[in-house]
Amino acid sequence: MTINREKKGRFKKLFVSVFLYAIPFVIVFFAIFAIVNAQEKIWKNNLNKELQMHIHSETTGIENRLGRVVQDISFLADTIEASEIFNNSSERAYSNLTELFARFGYARRVYAQLRILDTGGRETVRVDFKNGKATICPENKLQDKSGRPYFTDSVVLDKGLIYISKLNLNVENEKIEIPYNPMIRFATPVFDRSGTKKGVLVLNYMASALIAIVKDHSKSSFDTNIKSQFLNQDGYWLYTPEQEKCWGFMFDDKKNYSMPAENPELWKKIKNSQNGIIANKQGLFAYNTVYQTETASRRLGVENIPDAKAEIQEHYWKIVSYIPNDYIAAYEHKSNAILFLLFGTIGVIIALIERKLISAHKQLLQKQKNLEIIFNASPVGMLLLNEKAEITKINGFVEKLVGNYHLGDQPGNLLGCIHSFENPKGCGYSSSCPKCPIRNAIKTVLQKNESVRCAEVLSTFLIDGEKTDLWLEVNAEQIILDGKRCAVVAMNNITDRKKAVEEMKEAVEMKSKFISTASHELRTPLTSIKEGVNLVYSETTGPLNDDQKEFLGIAKRNVDRLARLINDVLDYQKMSAGRMTFNLKSASINEAVKAVEETMRPLTKEKGLDFIIELDDAVPLVNFDKDKIIQVLTNLVNNAIKFTETGSVKISTSRTDDKVITAVKDTGGGIKQEDISKLFQEFSQLVTKDAERKVGGTGLGLVISKKIVESHGGRIWVESDYGKGTTFYFELPMEKILCQIES
Amino acid sequence: MSDRILVVDDEPDILRIVSYSLKKWGYDVITATNGQDGLDKIAAEKPNLILLDAGMPVMTGFQMLEELRSNRDWQNIPVIMLTAHSDSRDIDIAHSYGILEYVTKPFDPMDLREKIANVMSHKVSK
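These protein sequence lines are chains S and G, in that order. Going letter by letter, the first sequence gives residues 1 to 743 in this note's numbering. Going letter by letter, the second sequence gives residues 1 to 126 in this note's numbering.
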């Protein structure tokens, strides 16, 4: 890596680690924040809805009950006006009405009194209800109520209009009735048939039923955290969960117990609009208004009721349901705690993951550094090429290889190859460039993702200003760098090796030629000498005396030896050059043994050795070159005779499942264990104790034998008991396996 | 009439020794010193067998074989190569001409005698 890149790398590393740490944290934080926020919004939304439903249900409940009272007062007024009581006042009519009042009130159970007052304000009929009992008030106990607002305000009304009093606690004999008995008085004028106003009908409605609606809602709310309040138009509580704060306006010492006194801002908002939702420090408030005049001021079934707004004082109540802030805050705390926990947990997980990531990153950097070191320290030239086949990096060995080449010397120029100078356009444009094996290797690697192995390339480079031919061995491999297919090329200078191989080939060829020529030239005169001597020695030309015979014998033996020598050398040479042919024929190995027996028997006789032949008649036919195998056998028997002074030489044949084995056993001096491995080596002749200097030969006999046997797909080996004798074995396979001997 | 053998060899010593032995073994012998001479002798003497050397001046043994095999009258005359060339390539070429035996110099006279007798008996059966 260049210095520049290293700096960049360090900066990158820092940046990457900070980035890696920060970004996921931020993302996760915002994600959780958003989720929790949305959750809270939904929750708050649900709270609002619930509150509104609450309010709605309370409002309709109250309105229904008031409506019921209006129905009742309308019914009773209709009944009175239809009765005889005003028109034809009689005892019967009076008792009929009181009875109706008693039955009606008894059935309804919400009224404390049902009364009729005459236009002077005096009670004419009165039925009281207490503890489920109706009591008709006797005439002498009827009272004058002319000063009461429910009379003065109702008696002036036109037909069909209903007066509804404020909701307050019932007062008996100047004292507030205990237990509190909240009361609303409904009153409407009643008329005789001629349309003359005769008095007012008054219903004392026990409003505890109304308050109970708010109270029960406050209690029965499935979410008990919703509380309800019921207020009059002055902001005094008719009901609130804090009992002692109720009915403040009824008591001199409780006048401060009102919403305007306690929470003027909230009250202002509630008072000034019919309904709505307010969120403040105390909690979430929903409110609605119940108007008495709008909902319950007109008798049913009466036609042409005049507009009464001017005459009737407008009353209204406020219903307020709310959720205390403690509860909301608790929920928010809970969700904040969850948020914190979640964030903490995820943060820890991210930190752990990132620690791993960063350590992996460090390891990666270390690996990269190691690769860098390997790249630079390699004793082969290495190039790194980008996807456009431009060299991006070289190691030090490349410079050594091709002279003074520096990266970037000639961009795009392949190591300053001489061919790139032949064309002004540079590398890749000279006539020989399309055949450039290095370029082809790179192309193969980059385009086909195949490896190139051991491509041998002859290139010309300008080294020290001189054109120099270099043989390069090129390996190329695709690698992925930054996601791009790149190539790495390794090359070795094999010029010396190439030259050496060339020279060696030439030398081998020359040696081969020389030996073949020399031996051919040797053979021709040798043939004449040998056959000339033979003719005379065999006395074909006439009888010889003993001396002549003896010395000609010496000549013959040595000529034979010379002929054998030359043949061995030639055979060896032929086999080394892979030029020995085998004339394979299916035959019995026993025939070869018999042929050898015939030629060798005179020699054993001469030396006074027993010559034993033990043939297995059942040996199968095998494919072999008879002449060559005879040569092997002759060689083995010759050796046996040479190294054996007394005893015997034995040839035997036998078979295994798939092989035919031939053994040549002697009773000679044997071979030392450590010498056995040398037996089949070229030109190695063992010096034995008693055969010293007597043995002649090239030392090639066993080597040639081994090659012949192995060319038949067979095997040759030796077993020896030092001092007792040696046995050579060779086996031939029954199936024909023939290999040419490789040079 | 005894079988007639043509010996072709450029070495007069070899010719002399081989002829002597063949005559001793009871064959009629004619000699030639190169391939061309050999072809002339075949035309004149009609031998039953040819013992042929490979490397000779004027015309080599292989060239002479070529001529021999392309001549309808002579293509069935049996030939035994008797040569110092023992290269597998030479042997392969010789076999491609339908050579019956290939004997390398220096030769074993007994072996040669046997091979000649063999070929002669084959010839009779042909």
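Note that these hints are calculated values from the structure, not bench results. Hints may be right or wrong, so weigh each one.
[Unchecked claim] The calculated lysine to any residue pairs, modelled on SDA-like cross-linking and capped at a C-alpha distance of 25 Å, are: (1) Lys-498(S) x Glu-473(S); (2) Lys-626(S) x Gly-98(G); (3) Lys-549(S) x Val-559(S); (4) Lys-24(G) x Val-559(S); (5) Lys-24(G) x Gly-532(S).
Values in this document were obtained by computation on a predicted structure and should not be read as measured data.
Verification of the hints:
1. Lys-498(S) x Glu-473(S): holds (10 Å)
2. Lys-626(S) x Gly-98(G): holds (20 Å)
3. Lys-549(S) x Val-559(S): Roughly 15 Å between the alpha carbons, so the hint for Lys-549(S) and Val-559(S) holds.
4. Lys-24(G) x Val-559(S): Holds, because 23 Å separates the two Cα atoms, which is no more than 25 Å.
5. Lys-24(G) x Gly-532(S): Holds, because 14 Å separates the two Cα atoms, which is no more than 25 Å.
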